[in-house]
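Residue numbers (our numbering), protein chains in the order written: chain Y, 1 to 71; chain B, 1 to 161.
Treat the hints loosely; a few may be bogus.
[To be verified] Taking lysine-lysine pairs in the DSSO-like style, the calculated list, with each CA pair at most 27 Å apart, reads:
1) 152(B) with 64(Y)
2) 143(B) with 39(Y)
3) 39(Y) with 152(B)
4) 143(B) with 35(Y)
5) 79(B) with 89(B)
6) 32(B) with 64(Y)
7) 144(B) with 39(Y)
8) 39(Y) with 155(B)
9) 5(Y) with 143(B)
10) 35(Y) with 152(B)
11) 5(Y) with 152(B)
12) 64(Y) with 159(B)
13) 46(B) with 20(Y)
14) 64(B) with 40(B)
15) 39(Y) with 5(Y)
16) 5(Y) with 35(Y)
17) 35(Y) with 144(B)
18) 143(B) with 64(Y)
19) 32(B) with 46(B)
20) 64(B) with 81(B)
21) 28(Y) with 155(B)
22) 89(B) with 100(B)
23) 20(Y) with 39(Y)
24) 135(B) with 123(B)
25) 155(B) with 35(Y)
Honestly, the hints are just simulated from the structure, not real lab data.
As a plain string of letters, each chain reads:
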Amino acid sequence: MSSSKSVVVESVIPLSAEQKRVLSSLLKARVGSEKFTEKVNPTLLGGLRVSIGTTQYDMSLTGKLSQLRNI
Amino acid sequence: MDIKLDQILFQIVNFGVVFGALTYFLYKPVVKMLDERAKKVVDAEKASNEALREREEAETLKSKTKSQAEKEAGKYLEKAKEQAATYKKELMQEAKDEVKAERDKAMKAWETEKASMAREMQKEFTLGVYTVAEKLLGKAVDKKAHADLIDKSLKELAKAL
Numbered sequence: 001m002s003s004s005k006s007v008v009v010e011s012v013i014p015l016s017a018e019q020k021r022v023l024s025s026l027l028k029a030r031v032g033s034e035k036f037t038e039k040v041n042p043t044l045l046g047g048l049r050v051s052i053g054t055t056q057y058d059m060s061l062t063g064k065l066s067q068l069r070n071i
Numbered sequence: 001m002d003i004k005l006d007q008i009l010f011q012i013v014n015f016g017v018v019f020g021a022l023t024y025f026l027y028k029p030v031v032k033m034l035d036e037r038a039k040k041v042v043d044a045e046k047a048s049n050e051a052l053r054e055r056e057e058a059e060t061l062k063s064k065t066k067s068q069a070e071k072e073a074g075k076y077l078e079k080a081k082e083q084a085a086t087y088k089k090e091l092m093q094e095a096k097d098e099v100k101a102e103r104d105k106a107m108k109a110w111e112t113e114k115a116s117m118a119r120e121m122q123k124e125f126t127l128g129v130y131t132v133a134e135k136l137l138g139k140a141v142d143k144k145a146h147a148d149l150i151d152k153s154l155k156e157l158a159k160a161l
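So that you can see chain Y by itself, here it is in the shape it has in the complex:
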């Protein structure tokens, strides 16, 4: 995987130090870079939304509720 992709992490509250560490390790192993940009986004309601390049991984409560709405 390319290490040039930018990673943006959105959460409702700022990540704890432990959570940042876990995330960094994960990104380094899978994406090739441990750097990421943190954003606080209360509209998520809970959980995380991670954008790696153009790919988005939505594990937030808002995302789950949207899936429910689209059934």
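Got chain Y sorted already, so can you dock chain B onto it with the hints?
Same frame as chain Y, but now just chain B:
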């Protein structure tokens, strides 16, 4: 008695001549006339019988023809009745088929409408649930819960990558 032979002979001859003249000029024509009249009577009777026979034959033929015509007319009437009954049956079946087709069409339209309404209602319900959940979650999730949710999300991300 004074019998004169020549007078007797003369009388006999005279009588013969008169008899012969009468026979020739009177008797034969009269007999002939009578024969002719008798023949005419017989011919007339024959003609009359013939005419009677012909009349009887004509009467028989007339009644035969009439009876045949009545039979034919009866047959045609029966046939016409049968055709009318068949036509009536066909018309009724046609009408029944039309009614059934219309009913099926209406049922189909109703089923489609019902399915559409059900889908609409489900959408509305889901939207309602979503809106309520959104409002509830916005108020109920505390800091610890958020932290747990983030941990859970990190695990999901590890599986996804």
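Is residue 64(B) close enough to residue 81(B), meaning Cα to Cα at most 27 Å?
-> holds, 26 Å
Proposed proximity, residue 152(B) with residue 35(Y) (alpha carbon, max 27 Å) = holds, 21 Å
Holds or violated: residue 28(Y) to residue 155(B), with C-alpha atoms at most 27 Å apart = holds, 15 Å
Is the hinted pair residue 32(B) and residue 64(Y) satisfied, with a Cα-Cα distance of at most 27 Å?
-> The hint is violated at about 147 Å.
Is residue 143(B) within 27 Å of residue 35(Y), Cα to Cα?
-> holds, 25 Å
Going straight from one Cα to the other, do residue 143(B) and residue 64(Y) come out at no more than 27 Å?
-> Holds, at roughly 20 Å.
Starting from residue 5(Y), check that the Cα of residue 143(B) is at most 27 Å away, please.
-> Given pair residue 5(Y), residue 143(B) is violated - Cα atoms ~31 Å apart, limit 27 Å.
Quickly compare the C-alpha distance for residue 143(B) and residue 39(Y) to 27 Å and report which way the hint goes.
-> holds, 17 Å
Proposed proximity, residue 152(B) with residue 39(Y) (alpha carbon, max 27 Å) = holds, 18 Å
Is residue 5(Y) within 27 Å of residue 152(B), Cα to Cα?
-> OK: residue 5(Y) and residue 152(B) at ~24 Å, within 27 Å.
Straight-line alpha-carbon gap residue 64(Y) to residue 159(B), limit 27 Å = holds, 17 Å
Distance restraint between residue 89(B) and residue 100(B), which requires alpha-carbon spacing of 27 Å or less | holds, 16 Å
In this structure, the hints that do not hold are numbers 6, 9, 13 and 14, in rising order.
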